[in-house]
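Residues per chain are reported as follows:
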Amino acid sequence: MSLLQLVDLDVRYGAIQALSAVSVEVQQGEIVALLGANGAGKTTTLRTISGLARPWKGSVLFAGQEIHRLPPHEVVGLGVGHVPEGRRIFPQMSVQENLEMGAYRRRGNLSQDMERVYALFPVLKQRRRQDGGTLSGGEQQMLAIGRALMSDPRLLLLDEPSMGLAPLVVETIFSIIEQIRSSGTTILLVEQNAVQALQLADRGYVLENGRVVMADQAGVLLNDQRVRAAYLGEGAA
Amino acid sequence: MCFSCFTQNFWNLLVLGLADGFLYALVAIGYTLVYGVLQLINFAHSEVFMSGAFAGYFILNGLIGTGSPHGLSSVAYVVIGIAGGACGGGVIAFLLERVAYRPLRRRHAPRLAFLISAIGASFFLYNLAGKEFGRDAVEIPAPFTNGPVFSIFGAQVTTYYIVIAVSAIAMLVILDRVVAGTRLGKGLRAVAQDAETASLMGVNIDRVVSQTFVLGGLLGGAAGFLFGLNTGVVYTMGFTPALKAFTAAVLGGIGNLRGAMVGGLLLGVVENFGAGLFGTQWRDVVSFGILVLVLLVRPTGLLGERLGRSA
Ligand SMILES: Nc1ncnc2c1ncn2[C@@H]1O[C@H](COP(=O)(O)OP(=O)(O)O)[C@@H](O)[C@H]1O
Ligand SMILES: [Mg+2]
Chain A
0 MSLLQLVDLD VRYGAIQALS AVSVEVQQGE IVALLGANGA GKTTTLRTIS
50 GLARPWKGSV LFAGQEIHRL PPHEVVGLGV GHVPEGRRIF PQMSVQENLE
100 MGAYRRRGNL SQDMERVYAL FPVLKQRRRQ DGGTLSGGEQ QMLAIGRALM
150 SDPRLLLLDE PSMGLAPLVV ETIFSIIEQI RSSGTTILLV EQNAVQALQL
200 ADRGYVLENG RVVMADQAGV LLNDQRVRAA YLGEGAA
Chain B
0 MCFSCFTQNF WNLLVLGLAD GFLYALVAIG YTLVYGVLQL INFAHSEVFM
50 SGAFAGYFIL NGLIGTGSPH GLSSVAYVVI GIAGGACGGG VIAFLLERVA
100 YRPLRRRHAP RLAFLISAIG ASFFLYNLAG KEFGRDAVEI PAPFTNGPVF
150 SIFGAQVTTY YIVIAVSAIA MLVILDRVVA GTRLGKGLRA VAQDAETASL
200 MGVNIDRVVS QTFVLGGLLG GAAGFLFGLN TGVVYTMGFT PALKAFTAAV
250 LGGIGNLRGA MVGGLLLGVV ENFGAGLFGT QWRDVVSFGI LVLVLLVRPT
300 GLLGERLGRS A
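Note that the protein sequences, when read in sequence, are chains A and B. Note that numbering that gives the first Met the number 0 numbers the first sequence so that position 158 is 157, with each residue one more than the last. Note that numbering that gives the first Met the number 0 numbers the second sequence so that position 265 is 264, with each residue one more than the last.
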């Protein structure tokens, strides 16, 4: 069953058309990579899914339900967790409070979920009383992912989780993304780091100027000449 | 300038200043809370203050009439008056947000539009109050007999000052706990730090904004009632105290909760010291002189902008 379906999306910022006829599908249990250069429309796509941006045309279906008219605070309640570009930690809240914010819409005892996040990211447990703003970039990224997990999402949207991080930290983050998927959460991963994203993903889409120009199995994209030329830093064929 | 008047009256001026300061602090918090979540100065907050005073007046007028309560019934009437004032302020603050600000937010209107809307709403509200409730000041029936209770270094501390201090401290402590520890408080701080991300966490921003206005309105209305106990109640009463409370909020660092508390107390004390030194006619000059000075020298105030903090 397809968990997420973007159908023919047009999104505009004033006169700027950020997305044109974008259609993307994500199946339950998949990791899908969304690739593209700066300004291609990757962030806009994620923002449209979580209700921060409104489509001019087209629709967003989550588990068969139209969600593109819902405000963001309701979309997260349906099971869409969003790790925004630039991490967007609450700088003056402690690590623990940041995680609690992730579970803002949930009631009841959250200590088990909290422990699960701390098990994925032990460093966050050590720093749980520290303000979010004092963490390193990698730790902030872990906190942003942990915070989104606290909403108990069925679908996790990740916007450039490797941005600005050292290679070793990137590897940690990517291996944790794999773990999150194996525990049953579906993932839509936006990356400029195309090789690593495609090595992790099942399928991928390539965006260019707001349009989907390629969609295929990750292995196929990884070996595609045009992808290699444009996104993997190899000279044009 | 009369330095000996000041030194002789030091403790009196201090007691007076703290009493004024507690009221400024309660009102300043309304400015600071709203600024924290919306980066908006709610210049109609003066009418929230005035509405609280009228609410307390009508309730106590109905309950006490011409009687003169004492003992436990005094305590009860004080609590009822404060609660009534708080509710009056809360309701007006809620309506202000809905009618004067929310439509502009929906439209992403420029800052100036909010300012004009605030001034318009303020004019509307106080003129409405003047038309409906009369142009002359009325007195709130005294819920207690005012008089000296004890003295420190020769300064008389009256029942009225004790009522102000006890109720203000209680409200400030409750507010502090609400902001630090409740779901509403967390939502409020999250919106203050990063509204968009807060909405991704499931925070309904409109609801938090509404609750923030109400929270500030409750304290502002209660302060209006406490103020009105001493000065009487009239439709124009909000203007000067609210502008001073705004000064206090700026002094402490607008957007900063503890700053509003500290700024309020500090302004109350400094203003009364200034009145003691230069004569009472200089009171308002001192306050607004401070406003201008802070804006020129240190516009982020003494403690800076940080509603995000739990403290
Ligand atoms: N808030 C905005 N206002 C106007 N234009 C925007 C805004 N956000 C993004 N854009 C434009 O939309 C296009 C897509 O941007 P974005 O989705 O951020 O791309 P990506 O995440 O792939 O780098 C770009 O041309 C960008 O300049
Ligand atoms: Mg982006």
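Heads up, a few of these hints could be off.
[To be verified] Taking CB as the label site, the calculated pair distances span:
1) S182/A with R206/B: 28 to 34 Å
2) S182/A with I161/B: 56 to 62 Å
3) N108/A with R105/B: 55 to 61 Å
4) T230/B with G163/A: 56 to 62 Å
[What the hints assert, rightly or not] From chain B, some residues computed to sit far from chain A (all C-beta separations above 10 Å):
5) L37
6) A82
7) V90
8) F132
9) S150
10) K185
11) A189
12) A197
13) N229
14) F238
Hints are computed from structural coordinates only; laboratory data are not their basis. Ideal Cβ positions, reconstructed from N, Cα and C, are used throughout, including at glycine.
Hints, one by one, checked against the model:
1. Distance hint check for S182/A and R206/B: the Cβ-Cβ separation is about 32 Å, which falls inside the suggested range of 28 to 34 Å.
2. Checking the proposed 56 to 62 Å range against S182/A and I161/B shows it holds: the Cβ atoms sit about 60 Å from each other.
3. For N108/A and R105/B, the Cβ-Cβ distance of about 38 Å falls outside the hinted range of 55 to 61 Å, so the restraint is violated.
4. One distance hint, 56 to 62 Å for the beta-carbon pair T230/B and G163/A, holds here, with the actual separation near 58 Å.
5. Distance check for L37/B against chain A: the nearest CB is about 17 Å away, which clears 10 Å, and the non-interface claim stands.
6. Under the 10 Å C-beta cut-off, the non-interface status given to A82/B relative to chain A holds; the minimum distance is some 29 Å.
7. Every beta carbon of chain A lies more than 10 Å from that of V90/B, the smallest distance being close to 25 Å; the non-interface claim holds.
8. Every CB of chain A is more than 10 Å from the CB of F132/B (nearest about 40 Å), matching its label as outside the interface.
9. For S150/B, the shortest C-beta to C-beta distance to chain A comes to about 43 Å, beyond the 10 Å cut-off, and the non-interface label holds.
10. Interface exclusion of K185/B from chain A breaks down, the closest Cβ pair being 6 Å apart, not more than 10 Å.
11. At roughly 6 Å from the closest C-beta of chain A, the C-beta of A189/B falls inside 10 Å, breaking its exclusion from the interface.
12. Not every Cβ of chain A is farther than 10 Å from the Cβ of A197/B; the closest lies at roughly 7 Å, contradicting the non-interface assignment.
13. No Cβ of chain A comes within 10 Å of the Cβ of N229/B; the nearest lies about 38 Å off, and the non-interface call holds.
14. For F238/B, the non-interface assignment is confirmed: its Cβ lies about 34 Å from the closest Cβ of chain A, beyond the 10 Å cut-off.
When the structure is compared with the earlier hints, violations turn up for hints 3, 10, 11 and 12 and for no others.
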